[in-house]
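K.L.:
Sequence:
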Amino acid sequence: ARGIFAVTGDDNLNLVIALTAKQLQPEVKLVASCGELQNISKIKKAGADAVISPTYIGALRMASEMLRPTVVSFLDTMLRETDSNLRIEEIPIGCMAGQTVQSLNLSRFEHTLLLAIKKPQGWLYNPPANYVVQPEEKLICMTTPEDRIKIEKEFKL
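Using the working numbering, the letters of the sequence shown map in sequence onto residues 3 to 159.
No wet-lab data here; the hints were simulated from the structure.
Hints may be right or wrong, so weigh each one.
What the hints assert, rightly or not - Here are the simulated lysine-lysine pairs, DSBU-like style, with alpha carbons at most 30 Å apart:
id	residue 1	residue 2
1	LYS121	LYS46
2	LYS47	LYS31
3	LYS120	LYS158
4	LYS120	LYS152
5	LYS140	LYS46
6	LYS31	LYS140
7	LYS140	LYS120
8	LYS158	LYS140
Please work from the sequences and hints to get the whole structure.
P.N.:
As structure tokens, this is what we get:
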């Protein structure tokens, strides 16, 4: 298996699934659900690559809906509607490493906007034009599937 979801509704069982799966296949990606926030670190220590708390995410979503309803509507439209062609994509650096953001010239792709760069130690939002991308980083872009294909071809990804 390339990936496993541990979503039983029981934090202890999800922890055991994470521990067992990682012992049997250390390279497998494991995403676990967690009901109690205090159990997140335990499940991560057991080997989960990501731990999601549906209750916590739901609370954040409700607060966002109250405080920033237009932003929530925009993201819902972009991410959920089948006729919306925009996606938030994670693009590996590949042969782009060593180039500045400006020299990548992503604006030539009509429907692509560079939002951030995922760095090993965090995030760089709205990266400056003179920022030099590194091999271990990833571009976070809002783009269409068609532009994503063009970017992959252009940069041989």
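K.L.:
With reference to the structure, classify each hint as holding or not holding.
P.N.:
Here is how each hint holds up against the structure:
Among the hinted pairs, LYS121 with LYS46 is consistent with the structure: their alpha-carbon atoms are about 21 Å apart, no more than 30 Å. Taking the CA atoms of LYS47 and LYS31, the gap is near 14 Å; set against the 30 Å cutoff, the hint holds. As the CA atoms of LYS120 and LYS158 are separated by approximately 20 Å, the hinted pair is consistent with the 30 Å bound. A threshold of 30 Å between alpha carbons decides the hint, and for LYS120 with LYS152 the separation of about 21 Å falls inside it, so the pair holds.
The hinted pair formed by LYS140 and LYS46 meets the criterion: a straight-line CA distance of about 23 Å does not exceed 30 Å. Under the criterion of a C-alpha separation no larger than 30 Å, the hint pairing LYS31 with LYS140 is consistent with the structure, at around 18 Å. Of the supplied pair hints, the one linking LYS140 and LYS120 holds, its CA atoms being roughly 5 Å apart against a limit of 30 Å. For the proposed pair LYS158 and LYS140, the alpha carbon gap of about 15 Å is at most 30 Å, so the pair holds.
Of the numbered hints listed earlier, not one is contradicted by the structure.
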